[in-house]
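Trainee: As you go down the protein sequences, you meet chains A and B in turn.
To convert a position in the first sequence, counted from 1, into this note's numbering, add 2.
To convert a position in the second sequence, counted from 1, into this note's numbering, add 445.
Treat the hints as calculated values from the structure; they're not laboratory data.
Quick reminder that beta carbons are idealized off the backbone N, C-alpha and C, glycines included.
Treat the hints with caution; some may be incorrect.
To give a feel for the contact side, a few chain A residues facing chain B, derived at Cβ under 7 angstroms [said to hold, decoys possible]:
id: 1; residue: Arg193
id: 2; residue: Trp205
id: 3; residue: Cys349
id: 4; residue: Ala350
id: 5; residue: Gly354
id: 6; residue: Phe358
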Amino acid sequence: METPLTANIRSGHEPSDIDAYRKNGGYRAVLKALRSMSPAEVAQAVRDAGLKGRGGAGFDAGLKWSFVPMGSDAPRPKYLAVNADEMEPGTFKDRLLMEGDPHQLIEGAILSAYAIEADVAYIFLRREYRLAARRLRQAVAGVYHSGLLGRNIIGSGYSLDIHLHVSGGRYMCGEETGMLNAIEGKRANPRSKPPYPQTSGLWGKPTVVNNVETICNVPHIVNNGAPWFRELSHTDEGGTKIYGASGRVRSPGAWELPMGTTLNELIEEHAGGMQDGYKLRGLLPGGASTDFLTPAHLDVKMDFGSVEAAGSRLGTGTIVVLDDRSCPVGMVLNLERFFARESCGWCAPCWGGLQFAVELLTDIEAGQGRMEDIDLLESLAKMLGPGHTYCALAPGAAEPLASALKFFREDFERHVHEKQCPWNRA
Amino acid sequence: MVQIFVENKPYEVKPDQNLLDACLSLGFDLPYFCWHPALHSVGACRQCAVKQFRDENDTSGRIVMACMTPAANGVRISIDDREARAFRAGVIEWLMLNHPHDCPVCDEGGECHLQDMTVMTGHSRRRYRGAKRTFINQDLGPFVNHEMSRCIQCYRCVRFYGDYAGGGDLAAFSLRSQVYFGRHQSGVLESPFSGNLAEICPTGVFTDKSLKRHYARKWDLETAPSVCVHCALGCNTIPGARYGSLRRISNRFNGAVNGYFLCDRGRYGYEFVNSPRRLRQPLLRKGRSGPAAPVSATAALRRLREIISDSRVAGIGSPRASLEANFALRRLVGPAMFASGMSEGDWRLAQKTSRILKEGPARSVSLDEVRRADAVLVLGEDVTNFAPMLDLALRQSVRQMPVRETSGAIPPWDDKAMREAVQQRRGPLFIATPAPTSLDAIATTAWRAAPDEIARLGFMVASLLDKSAPAPAGLGSRERSIATAIAAALGEAERPLVIAGTGLGSEAVLEAAANVAWTLSAGGRTAGLCLTLPEANSMGAALMEGGPISRAVEAIESGSADTVVILENDLCRRAAPSLVENLFEKARHVIVIDSLINPTVARAGVALPAATFAESDGTFVSSEGRAQRYFKVMPPSGEVMESWRWLAAMGPAADAWRMVGEVAKDLENDLPVFSGISAAVYGAGFRISGQKIARQPRGYSGRTAMSADIGVAERQPPVDDDSPLSFSMEGFQGEPPPPLIPRYWAPGWNSVQALNKFQEEVGGPLRGGNPGRRLIEPAPGRPEQPPAPQPPFFNLPPAPFSPPAGRWLLAPLYHTFGSEELSILSPGIRQLAPAAYLALSQKDADDLGIGAGGIAELETATGFLRLPVRLAETLPSGVAGVPVCLEGLEGIVSPGEYVRIRAASRK
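If we strip away everything but chain A, and leave its shape as in the complex, we get (with noise of 0.2 angstroms):
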C-alpha cells in the first residue's frame, strides 16, 4: 500500500531538510514542471487525477483552478493561498503534515501556484501551530536559498514568493473567503460568492483557496500522473486520505489509506477499536461541523459520495467517536458553545441562532430544559441550514445538532423528564 503523503514523515523525528528531502525525490516534480510542462499541463494533470479538496467540502481542485483567468491579460497579482488554519475540532491531519513533511507542502505550492501562473503564495498557519511555523519558514527560506523560490525560479522565467502568515487564532479565519479578509488585514468576516475568489480574492485579484493536505497530494500527481493516483483508492475518488480518530478508541490518531476504506476498518483496525468499557454510540465522520453516523453505519466507505450517500460529509475526514458512558446532549453542547463562541458575527443566523441554540442545549443539559425547546431546536437547526446564511459555519453547527436529535431524541427527552443529565447525576 503506498503511502505518499506520509512517506517522509517519520514520527519523534525532526522533518527532511531540504538536502534530505530533495535526495528523496523532493522537488523533483518543481524541476519537472518548470521546465517541460507549461501551467496549463500541471492544472491538467490534477484535473484528470480528479484530486478533490481535502478541506472539508470535497471540491474537484482541477476544477477550481480552471476558473482563474490566464494568461497575459489576466489581472495581476495573481495568489494562492494554502489553507493552513487547522481549527475544526477533531481535526488534526494537516498538523500531521506540516511538521512532519513541510518541504512536501512547500512543493505543492509552488506546483500549484504555478498552475495558476499566481505571483504569490500565502500559507495561512493556524495560531497554535508553534512548531509548524517554525519548521515551515525553515524550510522556506531554505528553499529560498535553493534558487527553487524567489525570481526567475531556475532560469524558467516564472517568479514565485511564499510568506508564512500566523492566523490570529479564531476559526472563521479558516473559511477560505474570511481567510481573505484576515489576510488583508480586515475583520475575518466570509465574502459573498459570486464573485469567487479565483477571480477576486486577496485585495480584489485572482486567488486560489487549497488545503494542506489537497496542495500535498499535488507534487505526487505531477510525478506519477492521474492513472496512478486515481489507482490509490479504494473508490473512484482518487488517492489517499489521511484519516483520524480521536474519543474513546484504543489508539487514536491519524493514518494515510486509501481513500474510501470504510469506518469499521479505521475504527476496528487503526484506531484498535473502543475502549474497554466503551460502546461506540456514534460519530462524527469529518469533525465537528459533520451529522452524526451511528453504528449502523460502519460499513460506510470513507470517501465524499458514500458519506454524503449515508447522510453526513466526509469533511475532513477526521472521525470524532461518541462513547455510551458520555451524554450525548453534553458533546453537542460543547460543539455548539464552540461554533457560537466563534461566530464572527456577521450575519444573524449564525450570531443570534447560535448563541439561541446554546442557551437551550444549557437549559437541557442542566435539567432546566422543556419538551418544546427540543422542538425549537430542531427547527432552529433547519432554519441555520445551508443558503440561509452568509457562509458555511452556522449550516456546519447544525450539522451535528440536527442529527443529535435525529438520533439521540430520546435522550434529550430524558434530560427533561429527569430534570437533569443522566450522565451526571447530581
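With chain A fixed as given, assemble chain B onto it according to the hints.
Mentor: Structure of chain B alone, referenced to chain A:
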C-alpha cells in the same frame, strides 16, 4: 425592463437591481435591516428572505435573500410563502435575543425601524430565556448618543461611517453576538457626518444627542419642509419643533441635492433658533447714543413709518436672508439704494461666479452630479470645511471609475463584493489647496500652493486641453507634469467636474476653473462646474442686482441717503471696522432687522426681531443655482416677525403683500432671472381633498393641555396664511407633492425609512420629482472654432506667486465647526470649534523664530493681532493661514491681504 413574478403575478421591473429593491419599489412590505438604499446590499441580517422557485412547476422552492438575488427576467418568488415567513420571524427572534425591551425610555421609540419590522414580521412572544448581552457605552461627543445594548448587528453604522463617509474612527470590534460598534475608546467622532448615524441606525444605538436634551417623540414634533441655512449647498431638511422651540433637524430627501444625508453643521447648527441671544422684542434707542429700550411691535412700527417717510433710505441686504426679504428691502429703498450685503471682495467673487455659470458652457452641477462625476479637479477649496456635503459627494465620485471597471462581473448593488473587488482603487481626484484637506487621503494627487499658483495650475490644465486657452508663463516642471496628468484624466472622463469657489478669495482661481471646465465642454460633452459660495442665499444675493456694502456706505457718505436699513446682516463680520464705523457715524437712523443680538444689532437705532428660517417662509438659491422654498416649522412668537413683513409694514407697500408668495411673484416680475421660483412651489391656496397639509402628525399629543397654564379652553391653532401647511394635526396626512413633504411616515413605517414609500423607486427621486427650480443653465456650447481674435476664455493667468519681502499672504482657513455665523451658537458646535490660531509653515516659523504654540503678532490693514501659531507642514512658504471667523477673528481677515508677522514678545 424585465419581468419577475411575485406570488405568481407578473411585474415589470428595472433590470440591474436586486429583488429587495424591486419588491420595495413595487410597494411590497418586505422587512430588512442591513440594506440601505444608499449603501446597498451586503446580506448580513438575512431579514429579507423570500422563497424563490425555479419555474411555475417548482412547488418546493428555496429560501434566498432578496437583497442578494438579482431581479433577473423570469425570476419567481413568494414573499408570503409559509417557510419564508417563518424564517423572517426567526431572524427577528434572533435579533431580539439581546435587544432590551426599553422602547418606552428609548429615544428611537415611535420612529424605530426595528419596531416597525418586528411588528411587520409578527414576532411578539419571547422564547429565549437566557441572559442578554450588555455593553458599556461610549461618550462619542456632543452629537451622537451611544447605547450599544440595543444593537442588532446590522453593520449599517460602520458601513456608512467608514465605507461611505470615509471616517476612520468607528469600527466593529469583537465577534459572535457581541460585536461592538464604537470607537477604540470614548471620544468625539471625527467625521463631520456622524449625525447621520442617528438616521442610519435602525434602532436606538446611535441617536441624536441634541434632541435628547429637549426630547420629544416623533409623533409630538411639528414638522415642515425646510432648507439648511449653514452653507450654500441647499440641503433639504425637516426641522421638528414643540412648545415653540426647535428640537432637531432631520434629513429631507432630495435626490438631486443631499440625498439621504446631512452634515453635522447642518444637523446640529439649528440651536441658534433657541438661543438666549435671540432678539425677541423691538429695541428703540433714545437719541443717537442713549440706551436701547424694548418696545412693542406697534410702537416700533409707528416710529419706523415716521423715520421712513422722513428719510432717504439705503438698504443693506444679506446673503443669509431669503430672496423675499432681500426683495422687500430692495422695494422699500429702490434698486439704486439697495446693496447686497456682501463685502467688496465677496461681491466681486459672487458676481464672477454667477457670470461664469450663466454665460459659460459648463454646467452648474447638483450634488448628485458631483456624486456621479468620474474625474474631479478641486482648485483651491477646502470643501470639507467650507461646504461639507461636497466632501461626502466627492467620496462617492472617486468610486465611479473603479466601480465602472469592475461592474461587468459584479452587480453594483452588491456592495460588499464590489468593495472587496475595488479595494483601495479610487478614480481621479486632484486637489490643489494652500493647506491640507481631509480629502487629500483619497486624492490621486494633492498639491499645496499659494492661490495664484493654484490658478496658474488651472490655466495650464486648460491650455493643455485646448491650445486656444492661455497658458501661464514660467511654470515649473513638477507643476507641468501634474497639469498634464490632470488634463489627461479629465479629458478621458465621461463626466468631468471642476470644483472651485470663493473660499480662497481669489478671482484668478475662479477664472482658471472656468477655463478648465469650458475647455472640457466641447465635442458634445458638458463638463460640470461646481463653484462654492459661503452662505445659504449667496447665489440669490448675487443674482439680485445690488452691489457691495460699500454702495450703501457711499450713499450715506455722499448724502444721497441719510438712513440705512440693515437686513439680517452683522456688518462687523464682513466689512472693515472703519467702514462700519463710518456708517454708524454718518447715518441719521440705523434700522437693523435680525434674529440674533450681534454687534450690529447692538448699535442699531431701531432693532427689529426677525424670524429665523424655522419661523418664516422664503426662498434660497443654492450655489448650484437651485431655488428652494422653505416653510415655517412653528409660528413666530411674541413680537418676532418675518423680515419681509417688517419691511412691508414699515414702507408704503404695507397693504400690498399679505403672504410671502406675493413677494415672490413681484420679485419674479421685477427680476426675470428669478422667474419660476413660484412655479416650483405650491401657493398658499393649494389644498389636497380640500385640506391643508398637517404639520403635526396624527399622534400629536397634549394639544388641549399644553397651554393649560394660561387657560383650559383649547386654543385655536395658529393660522398660516403663507403656505398650504397647517399648524395642527387636522389636515392632509398622506403623501403631498415633494416640496411640501413635512415628514416621512406611512402605515407600518414610522421610521425615516418610510421615505421608501414616497419615491418613484427606492433610492430614486421622489414621486413628482426632486424639489427646487434651477435658475442657471449653461450657455449653449462654445463654438469649436472660437471667433478670433478673442477666445471665450479668461485670458490673464496670474504671475508666479512672490510675496513682498517680510510679508505673508493671508489664506483663509475654514472650520466646519466655527467658521459659520449661526451654527456656532449651538452648544455642540461651539464645543468642537477650535480657538483662533495662525498657521505657518515650519520654515517660515523657523525664520520668524516662533515655535509651535508660540505667539505671533500680525500687523494687518486694520491693526495688530496676537495669535498662537500652529505648524502646517505643507503650507507654502509666504502663505499664512488664518481661520475664518473663529471667535475673536470675526471680520478680521480679508483674503488676499498681505500682512507683516513677527514673534510676539512674551508679556
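Trainee: Determine for every hint whether it applies to the structure shown.
Mentor: Here is how each hint holds up against the structure:
Because the smallest distance between the Cβ of A:Arg193 and any Cβ of chain B comes to about 5 angstroms, under 7 angstroms, the interface hint for this residue holds. Because the beta carbon of A:Trp205 sits about 5 angstroms from the nearest beta carbon in chain B, less than 7 angstroms, this interface hint is met. With 7 angstroms as the threshold, the beta carbon of A:Cys349 comes within range of chain B, its nearest partner Cβ sitting at about 5 angstroms, so the hint holds. At about 5 angstroms, the closest approach between the beta carbon of A:Ala350 and any beta carbon in chain B falls short of 7 angstroms, and the interface hint on this residue holds.
Interface hint status for A:Gly354: upheld, as the beta-carbon distance to the closest one in chain B is roughly 3 angstroms, under 7 angstroms. For the restraint placing A:Phe358 at the interface with chain B, the shortest Cβ-Cβ distance is roughly 6 angstroms, inside the 7 angstroms limit, so the hint holds.
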